[in-house]
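Read top to bottom, the protein sequences are chains A and B.
The opening position of the first sequence corresponds to residue 1 in the UniProt record's numbering, with each subsequent residue numbered one higher.
The opening position of the second sequence corresponds to residue 1 in the UniProt record's numbering, with each subsequent residue numbered one higher.
Please keep in mind that the hints were generated in silico from the structure rather than gathered at the bench.
A hint or two may mislead.
Chain B regions said to be covered by chain A (calculated; three or more residues, Cβ under 8 angstroms) [as the list claims (entries may be wrong)]: (1) 61-75; (2) 248-261.
Restricting the straight-line Cα-Cα distance to at most 27 angstroms, the calculated cross-link-like pairs of lysine-lysine (BS3-like) are [said to hold, decoys possible]: (3) A:K50 / A:K334; (4) A:K107 / A:K438; (5) A:K107 / B:K187; (6) A:K140 / A:K347; (7) A:K331 / B:K152; (8) A:K226 / A:K244; (9) A:K334 / B:K187; (10) A:K50 / A:K348; (11) A:K432 / A:K226.
With the Cβ distance kept under 10 angstroms, some of the chain B side facing chain A (calculated, not the full set) [said to hold, decoys possible]: (12) T84; (13) F147; (14) W150; (15) T151; (16) P241.
C-beta: ideal position from N, C-alpha, C; glycine also.
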Amino acid sequence: MSATLTRRTLLAGSGAAGLTALLSACSGGSGGEAGQIQFWNNFSDATQVKYFTDHIAQAYPGPGTVTVSNKSSNTIDRLIQTALAAGSGPDVIVTPGPSTGVTEYTKAGYLLDLEPYAKKYGWDTVFAKWALDASRIGGKLMTLPTSYESMVYYVNPATLSKLGLTAPTTLEEFEAFNAEAKAKGVIPIAAGNADWKGANEWHLVIALNHAAGPEAVYSALKGETKWTDPVFVDAISKLAGWFKKGWYGGGVQNYFTNNFPTVYKQLASGQAASMISGTWEFSNLGPYFGKAAGNSADWDWTTIPSLGSTTKNDVFDLAIGQSAGVNAHSKSVKDAASFLNFMTTDKKVLVDAVVEKDFQLPPIQVSAADFGSKADPRTVRLYTQLSAAKSIGYTTWTFFPQQTETYMINYFENVITDKLSVQDYLAGIQQKFDPELKAGKVPTAPAPTGVASS
Amino acid sequence: MTVSAEPRPRAVAKTRSRAQTGRGARRSAGPFTYVVLTMLAIFALGPIVLFLFNALKTTNEYATSALSLPTTWQWGNFLEAWQTANMGAGLANSLIIVVGTVVLTCFVAGCAAYALARLEIHGANGFISYVLIVSSLPGQMFLVPLFATWTKLGLYDTQLGLIIIYCGLFSPFATLLLRSFMIGIPKEFEEAARVDGANELQLLFRIVLPNAWPGFLTIALTTGLSAYNEFLFAVTFIQNPQRQPVSLAFFTFQQGFTQNYNLISAAGVIMILPMLVLFLLLQRRFIDGIAASGLGGS
Numbered sequence: 001m002s003a004t005l006t007r008r009t010l011l012a013g014s015g016a017a018g019l020t021a022l023l024s025a026c027s028g029g030s031g032g033e034a035g036q037i038q039f040w041n042n043f044s045d046a047t048q049v050k051y052f053t054d055h056i057a058q059a060y061p062g063p064g065t066v067t068v069s070n071k072s073s074n075t076i077d078r079l080i081q082t083a084l085a086a087g088s089g090p091d092v093i094v095t096p097g098p099s100t101g102v103t104e105y106t107k108a109g110y111l112l113d114l115e116p117y118a119k120k121y122g123w124d125t126v127f128a129k130w131a132l133d134a135s136r137i138g139g140k141l142m143t144l145p146t147s148y149e150s151m152v153y154y155v156n157p158a159t160l161s162k163l164g165l166t167a168p169t170t171l172e173e174f175e176a177f178n179a180e181a182k183a184k185g186v187i188p189i190a191a192g193n194a195d196w197k198g199a200n201e202w203h204l205v206i207a208l209n210h211a212a213g214p215e216a217v218y219s220a221l222k223g224e225t226k227w228t229d230p231v232f233v234d235a236i237s238k239l240a241g242w243f244k245k246g247w248y249g250g251g252v253q254n255y256f257t258n259n260f261p262t263v264y265k266q267l268a269s270g271q272a273a274s275m276i277s278g279t280w281e282f283s284n285l286g287p288y289f290g291k292a293a294g295n296s297a298d299w300d301w302t303t304i305p306s307l308g309s310t311t312k313n314d315v316f317d318l319a320i321g322q323s324a325g326v327n328a329h330s331k332s333v334k335d336a337a338s339f340l341n342f343m344t345t346d347k348k349v350l351v352d353a354v355v356e357k358d359f360q361l362p363p364i365q366v367s368a369a370d371f372g373s374k375a376d377p378r379t380v381r382l383y384t385q386l387s388a389a390k391s392i393g394y395t396t397w398t399f400f401p402q403q404t405e406t407y408m409i410n411y412f413e414n415v416i417t418d419k420l421s422v423q424d425y426l427a428g429i430q431q432k433f434d435p436e437l438k439a440g441k442v443p444t445a446p447a448p449t450g451v452a453s454s
Numbered sequence: 001m002t003v004s005a006e007p008r009p010r011a012v013a014k015t016r017s018r019a020q021t022g023r024g025a026r027r028s029a030g031p032f033t034y035v036v037l038t039m040l041a042i043f044a045l046g047p048i049v050l051f052l053f054n055a056l057k058t059t060n061e062y063a064t065s066a067l068s069l070p071t072t073w074q075w076g077n078f079l080e081a082w083q084t085a086n087m088g089a090g091l092a093n094s095l096i097i098v099v100g101t102v103v104l105t106c107f108v109a110g111c112a113a114y115a116l117a118r119l120e121i122h123g124a125n126g127f128i129s130y131v132l133i134v135s136s137l138p139g140q141m142f143l144v145p146l147f148a149t150w151t152k153l154g155l156y157d158t159q160l161g162l163i164i165i166y167c168g169l170f171s172p173f174a175t176l177l178l179r180s181f182m183i184g185i186p187k188e189f190e191e192a193a194r195v196d197g198a199n200e201l202q203l204l205f206r207i208v209l210p211n212a213w214p215g216f217l218t219i220a221l222t223t224g225l226s227a228y229n230e231f232l233f234a235v236t237f238i239q240n241p242q243r244q245p246v247s248l249a250f251f252t253f254q255q256g257f258t259q260n261y262n263l264i265s266a267a268g269v270i271m272i273l274p275m276l277v278l279f280l281l282l283q284r285r286f287i288d289g290i291a292a293s294g295l296g297g298s
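Can you make the complete structure from the sequences, with help from the hints?
The following block contains the structure:
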């Protein structure tokens, strides 16, 4: 009997010791405490995570202290949605632009109305008007733009020189450039969507704004022109035709299987004559060019050529790459708003981040003098031209409502694989767009001309 | 008390296994068998070899071709991946989570399986059906309520919280597997022990558990592997980088809309090594356990 009791005691003691060891091994604690600002973000790479943590989060003077957590681009939205639905989540909430998730978050009461803070910090005088207008839902400022970007035409100058070509500026030049490059065995435009299906919309933005023209897009976004209008039929037909000619990525099938390292490598090695993508690529191209890649290749950018009869070649497609708001359930609302103000308006901190680690600026006014001598001239040229742009285009991820954008991305592949006609594709866009326009889900867009972009 | 703890059913299983092996040994394998087995081996090993090759390439080499051999062997990728993703800490965290999950799951599943296999429980069949049904539900269904509950309980962003979730996820299969194992143990052993004066706890610890040891080893291995590889709940419930398991290390290699595939491959090779070694060491027991339980192919 005593043996049984001893064993029980031993078992109980062992169990308690094991549990204690387990609990002590599992360090506890959860975020969201007052004075602590949780910030989740999908940084471009590990060096940006370290730079942001060391030079922005830790440099933030307070009130509150910032904890940074890096997430992948593929999971961050789902993680934030799960946390918000459970009444928790980071104090500063990021979204991929003002049209994705912000309306839904606002309806669910997850986001704080930032209008009082806009007055307190004078954001109307700091940010470009178009960016703040696009960030308002029902007249209330729900997010701030943390980065802005545009679409540009990338070239490898050595490749162009070797091929005897110059970057095109008109539709005729664009088609001649691509035809000649292909005839010489070079892929005209390096492209692929194996890593990111959303790459489809980058090319759609080009067709809409540079073939159909920003005036037509602006009119359609206001509901005055239908997406089935012949001007859009012509633009999307042109784009689909270029894809089918094998100008993008070396053919439609290759476009589906090319991942971004392959795309960058094609531009760097001269296998491709150009690349059409966003300015976010500035931070991605480094490992494939020059010293880092063990070659002498270099890259440069220019504006997207005019691809229509009436469009110009100085149109900058405006995009808010990322928006950030404050979690309405945060225990540190004021601190979070203060940090949001710091990370989007402190010009020196922001410009240093651009110069050092190719971060993207929010749409605030900057001049070449702000950058200093260490800055990459291509970056300085981008931001000075972009902030002074008078003709603007509309990116789908900033000015189009979410369901319309998703449809455009998913069904474009059916167009270039001949499973869906251009007319039916555009009719589908119209079908998605109408109820979203009626529900007030289309972000406010600025007029296409006459305003500087910041 | 003269209760015997001899693992006789294991001996029976061994005899059966030997008999099966004997039957197989009499039949000589033809060329077709070798061709099929070679193809299966290539099918199984091909991705791992490709993974290893990509881990040894430069970024440019990978971008040129993901299927070619490396021209220069970049062993430094392993060091860079290890340092960049802080994989040492990740592996330590994974060890805590895996050991915690295995211990808790073995305890919970062991108790449940013993009760279902040996005790006269009212509604046992209904409970087994319930376990089968709930174990087939997708985890995403209860992600949000679980998140809210864990936040309120202070278990969010803790390894203990993740261990409890894993125990909940993996216990149903472990229970069913272990129950099948325990049913195979002849009741005569327990009856003999009862005649010798053993109580229920003594029966459990001195008769059933020693005989069910291969079953426990099997569920420990399957649960450990599952906990080590699990991603969805780990990424949702652990935010602090200092507490993250190694399965989340891959985020570190993001590059814009793509990834640094060389470092991901290197990190992947590092990640699979501990489990590969463990499996190779215990594979015979693992396969015996699965075969004896009759629940193979889960």
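Right, here's what the structure says about each hint:
| no. | hint | result |
| --- | --- | --- |
| 1 | 61-75 | holds (count 3) |
| 2 | 248-261 | holds (count 12) |
| 3 | A:K50 / A:K334 | holds (25 angstroms) |
| 4 | A:K107 / A:K438 | holds (16 angstroms) |
| 5 | A:K107 / B:K187 | violated (62 angstroms) |
| 6 | A:K140 / A:K347 | holds (25 angstroms) |
| 7 | A:K331 / B:K152 | holds (14 angstroms) |
| 8 | A:K226 / A:K244 | holds (26 angstroms) |
| 9 | A:K334 / B:K187 | violated (68 angstroms) |
| 10 | A:K50 / A:K348 | holds (18 angstroms) |
| 11 | A:K432 / A:K226 | holds (12 angstroms) |
| 12 | T84 | holds (5 angstroms) |
| 13 | F147 | holds (4 angstroms) |
| 14 | W150 | holds (8 angstroms) |
| 15 | T151 | holds (5 angstroms) |
| 16 | P241 | holds (7 angstroms) |
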